[in-house]
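> Under our numbering, read the first sequence as residues 4 to 442, first letter to last.
None of these hints come from the bench; they were simulated from the model. Just so it is clear, CB atoms sit at the ideal spot from N, CA and C, and this is done for glycine as well.
Each computed DSS-like pair below joins lysine-lysine, with the alpha-carbon atoms no more than 30 Å apart: (1) Lys295 x Lys322; (2) Lys33 x Lys21; (3) Lys77 x Lys65; (4) Lys21 x Lys85; (5) Lys260 x Lys322; (6) Lys10 x Lys53; (7) Lys33 x Lys53; (8) Lys260 x Lys10; (9) Lys185 x Lys381; (10) Lys269 x Lys21; (11) Lys185 x Lys386; (12) Lys53 x Lys21; (13) Lys386 x Lys164; (14) Lys10 x Lys34; (15) Lys34 x Lys85; (16) Lys260 x Lys156; (17) Lys65 x Lys21; (18) Lys85 x Lys65; (19) Lys85 x Lys268; (20) Lys77 x Lys21; (21) Lys34 x Lys53; (22) Lys10 x Lys77; (23) Lys85 x Lys10; (24) Lys260 x Lys324; (25) Lys33 x Lys65; (26) Lys268 x Lys322; (27) Lys269 x Lys85; (28) Lys164 x Lys154; (29) Lys10 x Lys269; (30) Lys65 x Lys10; (31) Lys34 x Lys21; (32) Lys85 x Lys33; (33) Lys10 x Lys21; (34) Lys53 x Lys85; (35) Lys164 x Lys185.
Derived CB-CB ranges, DEER-like: (36) Asp5 x Glu150: 24 to 34 Å; (37) Asp243 x Ser132: 37 to 47 Å; (38) Gly272 x Phe325: 20 to 30 Å; (39) Ile158 x Gly88: 45 to 55 Å; (40) Leu106 x Glu183: 41 to 51 Å.
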Amino acid sequence: MDRTLIKDLRSVIGQTIKLQGWLQTLRDQKKIQFLILRDPTGLAQVAHWKPNDEVLAELIAKMGAETALTITGKVIDNPIVKLNGLEIQLESLEVDNMAEIPLPFDPFAETLPTIDYRLDWRYMDLRRSVNALLFQVQTSVEMAMREYWVKNKFIEVHSPKLMGTPSESGAELFSLDYFERKAYLAQSPQFYKQMAMAAGFERIFEIGPVFRADPSFTSRHMTEFTGVDMEISWINSHEDVMAFEERWLQYIYTRVKELHGDAIKKQFGVDLVIPEVPFPRIPMREAVEILKSRGYALPADKKGDIDPGGEREIAAYVKEKFNHDFVFLTDWPISVRPFYHMRIPEDQTLTRSFDLIACGLEITTGAQREHRVEMLQKQALEKGLHLEPIQFYLDFFRYGCPSHGGFGLGLSRLMMAMLNLNNIREVVYIFRGPTRLNP
RNA sequence: GGGGGCGUGGUGUAGUGGCUAACAUGCGGCCCUGUCAAGGCCGAGAUCGCGGGUUCGAUACCCGUCGCUCCCGCCA
Numbered sequence: 004m005d006r007t008l009i010k011d012l013r014s015v016i017g018q019t020i021k022l023q024g025w026l027q028t029l030r031d032q033k034k035i036q037f038l039i040l041r042d043p044t045g046l047a048q049v050a051h052w053k054p055n056d057e058v059l060a061e062l063i064a065k066m067g068a069e070t071a072l073t074i075t076g077k078v079i080d081n082p083i084v085k086l087n088g089l090e091i092q093l094e095s096l097e098v099d100n101m102a103e104i105p106l107p108f109d110p111f112a113e114t115l116p117t118i119d120y121r122l123d124w125r126y127m128d129l130r131r132s133v134n135a136l137l138f139q140v141q142t143s144v145e146m147a148m149r150e151y152w153v154k155n156k157f158i159e160v161h162s163p164k165l166m167g168t169p170s171e172s173g174a175e176l177f178s179l180d181y182f183e184r185k186a187y188l189a190q191s192p193q194f195y196k197q198m199a200m201a202a203g204f205e206r207i208f209e210i211g212p213v214f215r216a217d218p219s220f221t222s223r224h225m226t227e228f229t230g231v232d233m234e235i236s237w238i239n240s241h242e243d244v245m246a247f248e249e250r251w252l253q254y255i256y257t258r259v260k261e262l263h264g265d266a267i268k269k270q271f272g273v274d275l276v277i278p279e280v281p282f283p284r285i286p287m288r289e290a291v292e293i294l295k296s297r298g299y300a301l302p303a304d305k306k307g308d309i310d311p312g313g314e315r316e317i318a319a320y321v322k323e324k325f326n327h328d329f330v331f332l333t334d335w336p337i338s339v340r341p342f343y344h345m346r347i348p349e350d351q352t353l354t355r356s357f358d359l360i361a362c363g364l365e366i367t368t369g370a371q372r373e374h375r376v377e378m379l380q381k382q383a384l385e386k387g388l389h390l391e392p393i394q395f396y397l398d399f400f401r402y403g404c405p406s407h408g409g410f411g412l413g414l415s416r417l418m419m420a421m422l423n424l425n426n427i428r429e430v431v432y433i434f435r436g437p438t439r440l441n442p
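Hey, can you work out the whole structure from these sequences and the hints?
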């Protein structure tokens with residue numbers, strides 16, 4: 004017998020069907036047992052008249068909540084039943100896997116344990132329907148990203164995560180033994196996506212793991228996360244990159260709203276707004292002035308940078324003034340940008356770079372890259388870098404590399420912004436942080 | 001790395017310088033002709049994170065330590 008999904012029960016009234024799922028609750032009375040069974044599509048009431056099978060009744064009585072079950076029974080239309088006016092009269096029951104009693108915690112209780120405890124028992128936590136939806140949405144997000152890229156003739160690449168040399172600074176790298184020498188975990192695919200531009204691929208993307216050895220204890224940092232990166236050639240400035248990203252995001256939101264808009268509204272209470280293009284753009288110098296005029300005190304040592312509180316304040320300003328959840332902060336000073344960001348010709352203290360803030364959260368950094376090798380060398384030296392370790396990278400720009408730029412986006416951060424969740428641990432499948440390597 | 005907060009039955013919380021540390025939920029038992037967030041009665045379950053100090057007396061106050069958490073730094 005094929006499995007029937009709970010959402011389809013109304014179409015098989017009168018038939019004997021098979022259901023598979025988890026025991027949500029058991030109400031065991033004198034003569035009758037009610038089993039509420041949960042599958043990924045909903046809940047259904049299964050009734051067992053105990054005198055029909057006393058042995059089975061005893062087995063059922065011992066089952067703990069969350070036991071995995073396969074049952075067969077006849078679907079009855081019964082308006083008295085509050086759960087969809089349906090019930091299944093139990094005919095047979097097979098325990099696939101008994102749930103031990105007690106559970107570490109009840110995922111369906113009104114109050115949940117703290118996040119740290121739930122992460123210890125992540126598979127139980129993931130049984131909550133909000134989490135199933137969350138990862139369905141994430142699947143659609145990635146699908147939509149790819150749909151848009153493929154329509155626009157992008158090539159997907161997978162760059163190595165084991166590196167022989169530290170790429171950028173070195174401080175936040177994980178190192179490990181690699182046969183007779185040291186290797187490092189990639190903290191960004193930056194160099195390799197630029198290499199694809201030197202290879203003439205013109206438009207590429209990568210979705211893959213990124214490692215950062217930062218001891219960051221915040222609700223938005225992880226030591227391993229999924230980076231969404233892309234790079235395009237023959238651009239005139241970072242404006243071309245932003246113009247691509249905003250339309251790409253608009254497409255993603257459109258697809259997610261089509262596929263999950265109602266469910267998101269119901270489960271997260273979020274009315275997904277498809278962002279209008281163009282997104283507001285604010286040069287950093289202007290952003291600093293806006294913050295001053297709103298009485299937001301930036302730390303003195305920031306030198307043209309903005310702290311997270313400032314980003315939230317700018318987001319509030321943008322929401323008030325443009326009614327928009329996204330804002331590009333552009334033209335960052337060279338002091339806070341890496342050596343490979345291209346400088347603005349008219350003002351060499353600024354870079355052709357941007358961050359994208361979504362609902363006050365930094366989700367993207369992007370830029371036009373410096374593709375002229377002599378400029379790149381000069382800028383690397385100014386940043387105090389040694390050229391030898393990055394020579395392989397500098398060589399990309401010696402034999403005909405087009406102008407190019409791109410961005411990196413944090414997948415989980417996008418999910419936080421989209422679903423209005425304030426802790427990245429809630430959004431990522433398995434969290435990795437400075438003090439968490441399990442499960 | 002710096003700062004703030006928290007740590008009480010399995011879980012979530014309350015609480016007070018002094019009798020047997022409270023409540024919810026969960027768990028066990030009994031009762032209830034069909035419940036439906038089921039209900040009723042009974043019961044088990046906490047050396048109040050750990051170490052030290054103040055005090056006649058500490059779960060409560062102080063110090064240290066560990067863990068968690070949030071913020072800053074850093075970033076996606």
